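Protein chains in written order, with the numbering used here: chain A, 95 to 205; chain B, 441 to 551.
By construction, these hints were calculated from the structure, which means they are not laboratory data. Since the structure is predicted, the reported quantities are computational estimates derived from the model, not experimental observations. Be a bit skeptical, because a hint or two may be false.
Claimed, not checked - Residues from chain A that keep clear of chain B, each with C-beta distances beyond 10 Å, as calculated: (1) S122; (2) A123; (3) D143; (4) G153; (5) Q154; (6) L159; (7) V164; (8) H166; (9) A172; (10) D178; (11) K192; (12) L202; (13) V203.
As the list claims (entries may be wrong) - Straight-line Cα separation of at most 25 Å, DSS-like style, residue types lysine-lysine; simulated pairs: (14) K192(A) - K131(A); (15) K192(A) - K454(B); (16) K192(A) - K150(A); (17) K454(B) - K131(A); (18) K136(A) - K162(A).
Don't be surprised by glycine CBs; every beta carbon is placed ideally from N, CA and C.
As a plain string of letters, each chain reads:
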Amino acid sequence: GESVGLHLPTLSVQEGDNSIINCAYSNSASDYFIWYKQESGKGPQFIIDIRSNMDKRQGQRVTVLLNKTVKHLSLQIAATQPGDSAVYFCAELSGFQKLVFGTGTRLLVSP
Amino acid sequence: NAGVTQTPKFQVLKTGQSMTLQCAQDMNHEYMSWYRQDPGMGLRLIHYSVGAGITDQGEVPNGYNVSRSTTEDFPLRLLSAAPSQTSVYFCASSYTNSPLHFGNGTRLTVT
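Generate coordinates for the entire structure from the input sequences, incorporating the hints supplied.
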């Protein structure tokens with residue numbers, strides 16, 4: 095079946111470091127992937143997305159990399175700030191607008 | 441714009457009670473959905489709607505009903521609450537082939 099998983103449940107970094115959050119997916123037919131950020135007490139917030147016809151997409155301080163060969167997705171955050179502390183989810187589009195979410199990685203940024 | 445608005449923010453029910461979780465969006469999105477979030481399990485799709493008058497089941501629909509009489513509103517009904525329905529519920533909406541926008545959730549406890 096389809097599944098989206100994360101390699102690390104918690105990632106601790108120092109302020110200013112670059113952070114990399116990884117995600118594996120199992121459905122090779124998936125063609126759309128999204129990263130969400132969830133702060134405590136709030137709903138998931140869209141960060142960046144990527145379609146399967148791309149390997150890399152950049153936003154403001156964030157980059158998503160897609161490796162379709164090994165079915166791996168990563169989120170890179172440059173110059174991580176304390177405000178980046180949150181839980182990050184990758185999600186895979188399965189069927190019409192149905193997102194399958196991973197279990198999440200908690201990013202802890204210390205000053 | 442308010443985006444996706446969920447009410448109430450918190451609710452405590454006794455086993456067997458019924459209630460409706462409200463969700464409204466002001467972005468004219470055709471797609472709306474309900475997810476539940478449990479510790480260590482990410483977000484799981486309960487029900488979704490691709491437009492007014494159209495609903496369908498997601499991954500975990502048992503114990504929940506939905507209706508979509510207008511584009512803006514997508515209420516989730518619990519007919520007979522059970523402790524297993526203790527969770528945080530998120531409503532989301534989007535245009536077709538666009539990222540989901542989430543509300544801030546309803547935290548439900550069933551005793």
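Q. Can you list which hints this structure breaks, lowest number first?
A. 3, 11, 15, 17, 18
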